[in-house]
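Residue numbers (the working numbering), protein chains in the order written: chain A, 5 to 318; chain B, 5 to 318; chain C, 5 to 318; chain D, 5 to 318.
Keep in mind that the hints are not guaranteed to be accurate.
[As the list claims (entries may be wrong)] Only pairs whose alpha carbons sit at most 25 angstroms apart, straight line, appear in this in silico DMTMM-like list of lysine to aspartate or glutamate:
hint, chain 1, residue 1, chain 2, residue 2
1, B, Lys273, A, Glu257
2, D, Lys271, A, Glu134
3, B, Lys130, B, Asp154
4, A, Lys311, A, Glu216
5, B, Lys273, C, Glu209
[Claimed, not checked] Quick look at which bits of chain C chain D covers, simulated, 3 or more residues with Cβ under 8 angstroms:
hint, region
6, 180 to 186
7, 252 to 261
8, 264 to 271
9, 276 to 287
[Claimed, not checked] On the chain B side, residues computed to face chain C include the following (Cβ under 8 angstroms):
hint, residue
10, Tyr201
11, Val203
12, Leu205
13, Ala238
14, Gln245
15, Asp269
Note that these hints are calculated values from the structure, not bench results.
For clarity, every value in this text was computed on a predicted model and none was experimentally measured.
We treat Cβ as the ideally placed atom computed from N, Cα and C, and that holds for glycine.
Number of protein chains: 4
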Amino acid sequence: MIERVRVAVVGVGNNTSALVQGIALHRQTGSLVGVRSPLVDGLGVGDIDIVAAFAVSERKIGSDLTEAIFMAPNNFPRLDCELPRADVPVTRGLVDAAEVDRVAAVLAGAEVLLYSAPSGRPETAKAYAEAACRAGVAFINTTSDPIARDPRWMSRFAAAGLPLLGDDLASQFGTSVVHDTLLRLLAERGLTLVSSYQVNLGGTEDFRNLVENPDSKKQSKLNALSAADKVQMAPLGYLSQLKSQKVAHLNVEAQGWGGTAVSLDVKLKVHDPSGAAGVNIDLIRIAAGALRNGHGGYSAEATPLLKSPPGTAV
Amino acid sequence: MIERVRVAVVGVGNNTSALVQGIALHRQTGSLVGVRSPLVDGLGVGDIDIVAAFAVSERKIGSDLTEAIFMAPNNFPRLDCELPRADVPVTRGLVDAAEVDRVAAVLAGAEVLLYSAPSGRPETAKAYAEAACRAGVAFINTTSDPIARDPRWMSRFAAAGLPLLGDDLASQFGTSVVHDTLLRLLAERGLTLVSSYQVNLGGTEDFRNLVENPDSKKQSKLNALSAADKVQMAPLGYLSQLKSQKVAHLNVEAQGWGGTAVSLDVKLKVHDPSGAAGVNIDLIRIAAGALRNGHGGYSAEATPLLKSPPGTAV
Amino acid sequence: MIERVRVAVVGVGNNTSALVQGIALHRQTGSLVGVRSPLVDGLGVGDIDIVAAFAVSERKIGSDLTEAIFMAPNNFPRLDCELPRADVPVTRGLVDAAEVDRVAAVLAGAEVLLYSAPSGRPETAKAYAEAACRAGVAFINTTSDPIARDPRWMSRFAAAGLPLLGDDLASQFGTSVVHDTLLRLLAERGLTLVSSYQVNLGGTEDFRNLVENPDSKKQSKLNALSAADKVQMAPLGYLSQLKSQKVAHLNVEAQGWGGTAVSLDVKLKVHDPSGAAGVNIDLIRIAAGALRNGHGGYSAEATPLLKSPPGTAV
Amino acid sequence: MIERVRVAVVGVGNNTSALVQGIALHRQTGSLVGVRSPLVDGLGVGDIDIVAAFAVSERKIGSDLTEAIFMAPNNFPRLDCELPRADVPVTRGLVDAAEVDRVAAVLAGAEVLLYSAPSGRPETAKAYAEAACRAGVAFINTTSDPIARDPRWMSRFAAAGLPLLGDDLASQFGTSVVHDTLLRLLAERGLTLVSSYQVNLGGTEDFRNLVENPDSKKQSKLNALSAADKVQMAPLGYLSQLKSQKVAHLNVEAQGWGGTAVSLDVKLKVHDPSGAAGVNIDLIRIAAGALRNGHGGYSAEATPLLKSPPGTAV
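For reference, chain A alone in the conformation it holds in the complex:
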């Protein structure tokens, strides 16, 4: 029998809620609904254990992980399964680089650190990466702050035989992948793109953060598209009524043979935290598998799951 992978997570938001609940649901029902691969490097969904969690919200600190994931502003729904108490009290997260050793001490015994805090705090990301290094733990950076793209970090993890995966999670089935797939199909079939737009609406705290600081994300979204010069992005819209759902409206106007009009209108509706957790479960297994096999640094297997893998622009 395989030894369970011991994972620590930074951030107890919706994405962690989806991850924790989804693992519990799988253990209870065996369900593989929405799971990309039953096994990754021989590891199943149920082989993953969350053994530590860091957060900065006073409300969450000290609560059991299985209670903290339902605290405001989290709004991912309660899945239809029993959620046994984790006996993992949420640890106070790092707010000062001086605390790296405290964090590293908590990580002792873990194999993987999943960094799932909000984007836009590069110093915090670096401090947790440092703690992972010191504790001898693989590191996954799901934010757009550059860690895996930074060759110095990558060399350091590789030299230590520790996996480093990142940066920036590609959602399992999000606006970018659907929009880009349709634009590529259009080009492949020989149609001429005239114009296209994308509207993104969401109701999570993460989404609200993006709305308040939209510029980098907008560019990152355009980078994800194959025909970016003809595509315009409407401003992100935070609509609390959507809760943990994300809604995108896409339009594509093109021309076919003889210049006749072709149009495509798409509405996409997903639960954003599920899109993240469905990818995180694979990144965790890739990282754990690599660690156990003694492969430090990056694993190319992770590339389709990331927006900015090593080698892309910072």
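Take the given structure of chain A and dock chains B, C and D to it, following the hints.
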């Protein structure tokens, strides 16, 4: 300078209208809008000449091709270009196998016969294939009647050094290709398909024929999808108000990580005859290139442009 | 305290399931969600008791009403409330006019008979109307078979002091009312309608019946629209995956000032049986109120709830 | 024969382009497409003459009105009609209250002044209203700056026997009217609104101005809705690719009988300037009719054409 390809066409409906007008537009403006490949086997769009056309409508027979393509029930729009008279009077089409030699005589001097009549008349398709054989002309079957899938016909054309392409045109950007692309993407990203439907509405005479004889087409459409067991097709709807446009409504309901709901709604609007002509222009160039290079029989290059290439079920 | 209204119902399909469950939900939670009027003639939703039910399915006959409503082919979902046993065993429905007296005997003590069987069986509708007359019970015809539109039946019920409401239920929020509202708004604001279409998809047994006999319904739907000459109806589509949901796709193409294009695309998704039950609860209360106040015949208050009230074409 | 109405217009943007071209189209073809009323107070569309136009763009000043309406950043399309030269050179607009008399002098001989400049410049609006008063000309305020809502202005115009119509144009067929109509229908049919959102996208200079100063407009749009507390507005999106078109995506989530889900998704696409011109043509005729009949002040006939008529909050 390349010698122009001399093409004969069976059927003077909307698809032929789109082909004839699109070539004229390209010659006048140099436009490559909606063109998959500027050159196929060294042949450009402007290198194609329609030199003979067969039809069975008394109204069209004897009229110049450039007038006949606008006669009822055709309803593909007049493109924004001048259309010089073709000096190609429409020839009476074959209604009896005894007329094969008459047709073959008309084909003398042509290199390619594009069979673009309505589907569902296998004897007629065979008679034109026979005429092409006798006249030493390449044959393209755009209907679902089996010619290229029939190994006897394929052997005969191959032995004579004559190209034979078919069967059943895949539209340049139609419902099937969009729906299938989205279903494949869903599977590739690890989501679980729950249900999906497809509604097809159109306003051409070809579409009206399909509506009156839907069964084979419905099956053929399901065959084009990767997850057919979860997909349901609404009955085809002939709506004259759509004229030469086709509208499709697609819905996909799926589940992501943790079983949360994912939904996709798509509206696609295209001019059906453009979707056919944009593929026919490539098939013609593949066939002519093969003929000139002495390659008889099938060319694998045509496979992405066909619904039922050789080897698929009849 | 008001005496509860004793109602008998013909047909134990989805619409009856929605009615029975919705009343139970209201009694448990007090919820008025989706209820048009808390009180109609002083009667609340909880004042309605179903005391008898007729069906022809052998499976349902003899079962308690609260079990029969979940038997196939019914597929309206189980609402989130407890459903106390009704102690109303389903009675064998009438299949022969000779059974009118048997039915009338069952109706003794009831105040209202809700006729909620499938449309298209005029002789059955008449037989139940006859039974209601003999038993001294108000009659509500929710089918398109003409009873309330037939002046002879109306005179007979009026003379007997018995309310008669019908024919043909207008759904609480269905395709016709949404489409017609948008077309009227367009005209009111001075736009010129160019074309419009309606696609209706559903998954209930009632819907399957309509698909197999679409002509009368299609005409009836067109009659419900203010600008019918420009509107085309796609064939009804039975898609079992929709279960008790109905989906409509509406398109409106118009012209504004200067002839510029205006377009509207609408997707509507509803649970068809809820749309029926939300209207039936009002018709029952109108009928019971009229009966108790001694008003036989028709009540104009019912007109907005009906597609074919008295005076419309048969 | 009716004497033509002499109209002066402030602002030579897209709305004026649509007005000028639409009148020319009507005169040439007699077309009443998109016209609310052939006659208003006996006045037809062709009875309106634009005899003076004010603008502040150096490019436009001095050009003939029929040329200036096509100058950047205007992007309303050229309608399919000949546009005879107006012999109306664009006059330099007022930038200082000291110029009121210069403007009044230009107005001499006009009957109506249509104030169609951008919203958000109340001092400019007042100066033109003052000029209209001095010149004895009716005034129409299509902006949201308060003139007709200001009782002092209303008294002054009324006392002088001069019509005063405003404020803030309601588009002929815009997002607000469609959204509000659907929300009212929902309530009228007894459904319970859960949540609703509205996304507005546009490509005109007016729209870009709104995007840069969204707050007042967002509130004004919410005020136009009957169930504003459940409705959320996404941020306005300026997308240059839309040119003079406006696109709205509306979503309505509701509950019917038994609490079952009802959803409505709408895409609306219009040419914004047409929506304005189709209303302006009526306001002009109402104002001219009132002036000719000696009715100063407000005319209630204008109320359905305005967002903020007299009596609404400033």
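Would you settle whether the hint for B:Leu205 is holds or violated, based on the nearest Cβ-Cβ distance to chain C being less than 8 angstroms? 6 angstroms, holds
Okay, the region 276 to 287 of chain C and chain D, do three or more residues pass the C-beta test at under 8 angstroms? Coverage by chain D holds here, the residue count being 5 at a Cβ distance below 8 angstroms.
25 angstroms limit on alpha-carbon distance, applied to hinted pair A:Lys311 and A:Glu216: 21 angstroms, holds
Would you check whether B:Val203 satisfies its interface hint, that is, whether its CB is within less than 8 angstroms of any CB in chain C? 6 angstroms, holds
Distance restraint between B:Lys273 and C:Glu209, which requires alpha-carbon spacing of 25 angstroms or less: Violated - the C-alpha atoms of C:Glu209 and B:Lys273 are around 31 angstroms apart, more than 25 angstroms.
Annotated coverage of the region 264 to 271 of chain C by chain D, confirmed only when three residues or more have a Cβ within 8 angstroms: Result for this restraint: holds, n = 8.
Just to make sure I understand the rule, a stretch counts as covered if three or more of its residues have a C-beta closer than 8 angstroms to a C-beta of the chain. Does the region 180 to 186 of chain C meet that for chain D? holds (count 4)
Is B:Lys130 close enough to B:Asp154, meaning Cα to Cα at most 25 angstroms? Cα-Cα ~11 angstroms, so holds.
Hint check, B:Asp269 versus chain C [nearest Cβ-Cβ separation less than 8 angstroms]: For B:Asp269, the interface hint holds, since the closest Cβ of chain C sits about 6 angstroms away, which is under 8 angstroms.
Does A:Glu257 sit within 25 angstroms of B:Lys273, going by the straight-line distance between their CA atoms? 10 angstroms, holds
B:Ala238 as an interface hint toward chain C, with CB separation required under 8 angstroms: Cβ of B:Ala238 sits 3 angstroms from chain C, so the hint holds.
Tell me if the straight-line CA distance from D:Lys271 to A:Glu134 falls inside 25 angstroms. Measuring from Cα to Cα gives roughly 50 angstroms; hence the hint is violated.
Violation of the numbered hints given earlier is confined to hints 2, 5; the remaining hints are satisfied by the structure.
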